[in-house]
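Enquirer: Which chain is which? The protein sequence lines are A and B, in order. Residue numbers for the first sequence follow the numbering used here, so the first one is 13 and each next one is one higher. Residue numbers for the second sequence follow the numbering used here, so the first one is 12 and each next one is one higher.
Careful, some of the hints might be misleading.
Stated by the list, open to error - Here are the simulated DSSO-like pairs of lysine-lysine, each with C-alpha atoms no more than 30 angstroms apart in a straight line:
1) B:Lys74 <-> A:Lys248
2) A:Lys64 <-> B:Lys161
3) A:Lys196 <-> A:Lys65
4) B:Lys74 <-> A:Lys110
5) A:Lys64 <-> A:Lys151
6) A:Lys248 <-> B:Lys161
7) A:Lys44 <-> A:Lys65
8) A:Lys44 <-> B:Lys111
9) A:Lys65 <-> B:Lys74
10) A:Lys196 <-> A:Lys64
11) B:Lys111 <-> A:Lys196
12) A:Lys151 <-> B:Lys161
13) A:Lys64 <-> A:Lys248
14) A:Lys151 <-> B:Lys111
15) B:Lys111 <-> A:Lys65
16) A:Lys64 <-> A:Lys44
17) A:Lys196 <-> A:Lys44
18) A:Lys64 <-> B:Lys111
19) A:Lys151 <-> A:Lys44
Stated by the list, open to error - Covered stretches of chain A (in silico footprint by chain B; criterion: 3 or more residues with CB under 8 angstroms from a CB of chain B, positions within the stretch not fixed):
20) 43–56
21) 229–241
To be verified - Interface residues of chain B toward chain A, partial, derived using beta-carbon atoms under 8 angstroms:
22) Leu87
23) Ile91
24) Val93
25) Arg100
26) Pro113
27) Leu123
28) Arg125
29) Leu173
30) Ala176
Calculated directly from the structure, the hints in this document are not laboratory data. Because the structure is a prediction, the values reported are computed rather than measured. Backbone N, C-alpha and C fix where the C-beta goes; we use that ideal spot for every residue, glycine too.
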Amino acid sequence: MSAPPKEGNPVRTFVDEVWGSIFRHGLPTTDKVAARTALTNFFLHIHPVRVKKSAIRVSYTLCLGGLSFFLFILLTITGLFLMFYYIPSVDQAYQNIKDLQFVATFGLVIRNMHRWAAHGMVITVWLHMARVFYQGAYKPPRQFNWAIGTLLLLTTLLLSFSGYLLPWDQLAVWAITVGTNMAKYAPLAGPYTRYLLLGGRQVAQGALIRFYVLHVIALPLIGFLLMVVHFWRTRKDGFTGGL
Amino acid sequence: MATVVGGGNGKGDGRGRTVRTPRAPLPPLPRPITGPELASPPLVVRRREEEETVVTFPHLVWKEFLAGLAAFVFLLAVSIQVNAPLLQRANLAITPNPAKAPWYFVGLQELLERFPPVMAGVAFPSFVIIFMILTPYLDRNPSRRPQDRKVAIGMFTIYLCLAVAFVVIGVFFRSLAFNWDWTMVLGHPGLSSPT
Ligand code: HEM
């Protein structure tokens with residue numbers, strides 16, 4: 013931001029140069045500097061430069077969309093850590109989880125965080141949908157963003173559901189058995205859908221690897237893509253703001 | 012230089028509209044104005060009153076940071092206190108009783124108890140998803156004010172309550188063979204604490 017000093021400590025000058033090459037702006041002392049910061053920073057430019065005062069009251073959004081996104085990031089990070097230890101094989105998965113709980117440093121707390129954040133995300137996404145509905149924020153021009161949101165809700169549920177199987181304990185296998193049994197009831201396609209989902213007639217190795225791939229690759233990618241579009245649309249359609 | 016119609020504080024007419032007169036004289040009109048056009052003279056540009064705004068950085072970013080931090084601390088505290096469940100290793104020969112879906116799908120399981128499977132497992136969920144996606148296109152009411160949206164809000168509230176109720180029933184009031192059971196919540200008569 014500031015011009016490099018003409019003389020003086022060369023280390024200081026170097027540090028200033030490096031710092032200035034990363035952060036191209038000073039502290040937001042004036043609105044103009046603040047606006048430039050938001051525009052030139054990759055992570056901040058997801059936001060508009062200015063926002064309605066009424067729209068960012070905590071009581072308006074209750075932070076719910078933002079919290080859903082935050083939990084998604086947290087789940088990605090903790091999930092990455094779990095992936096270092098987890099092998100999607102019926103012979104090893106359960107023992108891997110046990111090791112995570114009792115052997116790996118911080119394994120227990122990371123697993124707990126992943127689990128509770130996943131439940132939390134289902135709740136925050138659900139409540140976010142309710143807040144959007146009650147404020148009529150789905151009305152034109154935001155109809156399509158509501159549709160994207162519905163798909164995000166489904167993706168969130170499926171992400172949580174596919175992760176449920178991975179510990180390969182009694183809770184996991186039977187919850188997935190009950191859950192996928194519901195697919196069976198669709199006329200004609202039902203039994204085939206279930207077979208496709210499980211890679212067999214029972215919840216076994218075929219199901220585990222399918223759920224694993226869905227859980228760590230396919231659904232997060234779909235979810236991320238949908239979120240990108242969701243945020244883009246929120247930007248383009250403008251944020252509703254106070255009623 | 013805004014000319015305010017309808018009185019007010021100089022910012023608007025109290026209904027969110029400011030009427031501005033243009034700075035430069037407009038070019039002559041191609042033809043005389045008659046009839047309904049007079050009702051909205053083209054010489055006046057109407058626009059919605061600008062709402063007060065603040066710069067995103069730091070106002071919003073700061074709030075997001077705090078919210079994220081609070082969520083993280085809360086989650087960490089919960090995760091230190093409460094362990095994620097892990098039962099016995101999976102065994103397809105032993106069916107637990109009751110076998111329940113994850114809680115967010117237990118509502119569907121509850122529906123299965125009450126309706127034929129094609130309805131509960133397929134028709135209802137598909138209907139809910141499709142109806143949800145179509146909601147903005149079906150709701151033709153342009154107003155966002157709650158007092159104008161009694162029907163929509165009523166319908167949505169009923170839906171939310173039903174969804175929550177079915178999940179609560181499935182999780183807390185269904186035990187062996189998914190049969191109704193008060194005792195999980197209320198305890199056994201004659202026993203001091205709920206089992
Ligand atoms: C993974 C799930 C989701 C994430 C991460 C997410 C994130 C967000 C964020 C950050 C916003 C900005 C405002 C706020 O924080 O409330 C937003 C707005 C919005 N979301 Fe979501 N959302 C998700 C799911 C949904 C769902 C399920 C719906 C509805 C079915 C939905 C509909 C909308 C709409 C219509 C807006 C614009 C609201 C306005 O302008 O007031 N979103 N979303």
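Enquirer: Against each hint, give a clear statement of whether it holds in the structure.
Expert: Checked hints:
no.	hint	result
1	B:Lys74 <-> A:Lys248	holds (22 angstroms)
2	A:Lys64 <-> B:Lys161	holds (27 angstroms)
3	A:Lys196 <-> A:Lys65	violated (50 angstroms)
4	B:Lys74 <-> A:Lys110	violated (38 angstroms)
5	A:Lys64 <-> A:Lys151	holds (18 angstroms)
6	A:Lys248 <-> B:Lys161	holds (29 angstroms)
7	A:Lys44 <-> A:Lys65	holds (17 angstroms)
8	A:Lys44 <-> B:Lys111	violated (57 angstroms)
9	A:Lys65 <-> B:Lys74	holds (12 angstroms)
10	A:Lys196 <-> A:Lys64	violated (49 angstroms)
11	B:Lys111 <-> A:Lys196	holds (16 angstroms)
12	A:Lys151 <-> B:Lys161	holds (15 angstroms)
13	A:Lys64 <-> A:Lys248	holds (14 angstroms)
14	A:Lys151 <-> B:Lys111	violated (37 angstroms)
15	B:Lys111 <-> A:Lys65	violated (45 angstroms)
16	A:Lys64 <-> A:Lys44	holds (17 angstroms)
17	A:Lys196 <-> A:Lys44	violated (60 angstroms)
18	A:Lys64 <-> B:Lys111	violated (45 angstroms)
19	A:Lys151 <-> A:Lys44	violated (33 angstroms)
20	43–56	holds (count 7)
21	229–241	violated (count 0)
22	Leu87	holds (7 angstroms)
23	Ile91	holds (6 angstroms)
24	Val93	holds (7 angstroms)
25	Arg100	holds (5 angstroms)
26	Pro113	holds (5 angstroms)
27	Leu123	holds (7 angstroms)
28	Arg125	violated (14 angstroms)
29	Leu173	violated (13 angstroms)
30	Ala176	violated (14 angstroms)
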